[in-house]
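A.B. asks: Generate coordinates for the entire structure from the input sequences, incorporating the hints supplied.
The numbering used here runs 13 ahead of the 1-based position in the sequence shown.
There may be inaccurate statements among the hints.
Think about it this way: if two alpha-carbon atoms lie no more than 25 Å apart in a straight line, the pair counts; the simulated DSS-like pairs of lysine-lysine are [as the list claims (entries may be wrong)]:
{"#": "1", "residue 1": "K214", "residue 2": "K145"}
{"#": "2", "residue 1": "K210", "residue 2": "K145"}
{"#": "3", "residue 1": "K315", "residue 2": "K214"}
{"#": "4", "residue 1": "K278", "residue 2": "K214"}
No lab work stands behind these hints, which were simulated from the structure alone.
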Amino acid sequence: MKHTNNTIRNLILAWRNLWRNPGRTAALIAAIAIGLWAGVMTVGLVNGMYEQRIDYVIRSDLGHLQIHHPDFLAERDLELGLPEVGKVKHYLEGADGVEGFSERTYADGMFRSARNSSGVRIHGIVPETETKVTNLGEMVVAGVMPDPAAPVRNPMLLGQVLAEEHGVDLGHRVVLTFEDLSGEILSASFTVTGFYKSRSKDMDKMNLYVLSEDLRRLLGREDLAHEVVVRLEDPVTTNSFTGVMQAQFPDLSVQSWDQLSPEIKMMIDYGGVSLVLIMVIIMLALSFGILNTMLMSLFERKREFGMLISIGMSRSRVFWMMMSESVVLTLVGSAIGMGLAFLAISYYSVHGLSLAAFAEGLAKIGWDSLVFPFVTIGDFATISVIVIGMTLLSSLYPALKAFRIHPLEASKDL
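C.D. replies: Dropping the structure here:
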């Protein structure tokens, strides 16, 4: 209890001493608050962008995990279909935690219109199940998705960007040219029934969607499926479910989204390190301000400290006086900065932070221009450790100089 009372008295005394020079103290508190606000907002913004990127990658194409022939992704050979697709589907139908799954068939070929031709990847999908694992249906901006009951032959969903480049409109017929399973080059006419628009213009240019049954018929094998994509009810179970599926089907390749897109995983891992470095740099800059302020305070009060030591105050008490002032200064600035950051993130996490000025550039790499920032408890803990650590380091030198003050020399300096 006595120790607690002494600590409180020391902090109150430190607070009073800081305001001997109100202009300097206020300026440094403002600098600490603004620096921390900027740092926390940066962390929140990057967290939001990463979270939305992961969600987009999962919902737009990858799902939580995918199942392939072991060599399909490396070779993209049409003949490397799933040998046990029926067993895989049957297992997934009875598996707990599976929200949905869908099979896909692929072919690479040329898209030809009256105006131009382009290289494309043809996705053969089952619309009824595809919309349960991806948000392809939500991306349709005109017309409808391919429908087996459609009155047209070979319906197709086309990227809006590709359609504009080729001058294609709804109802127009276009030609797809690709190899079948026998290696023969074939051309087939498809009717454009809808346009989709994703966040990535490159995706819109490269990918188009047709009915899986139509593509299989043209390729020459009615049961051909190159991929089964799975969406889980709880994303946290992705790795464990992937392991279970791999053990159940050891002859197939079962990969989670981060294995299928290692660049995203790497970006997030390195991003976490980068955010820590950003906070260290910000606090390092602020630490020089704290160091400078405390050294100036020490110079101005050198005679005072000398007198206190000469009348019996212990040097350790003088040391802790200087340390306490640094801690109080940082705590006040940090509390204001954290409070402002909390209010800002609370608002933008609901309403979103618009990056419309960079929308075109972000669209090229598949990022959304409306970001919903957030900060985790772990982020706050990391920031707190950095703030406390840098504060103690920056205040150590002035406190040691105060500890070494000689009363006689201090009186001669004034």
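A.B. asks: Could you work out which earlier hints the structure fails to respect and list their numbers in ascending sequence?
C.D. replies: Hint 3 contradicted; others consistent.
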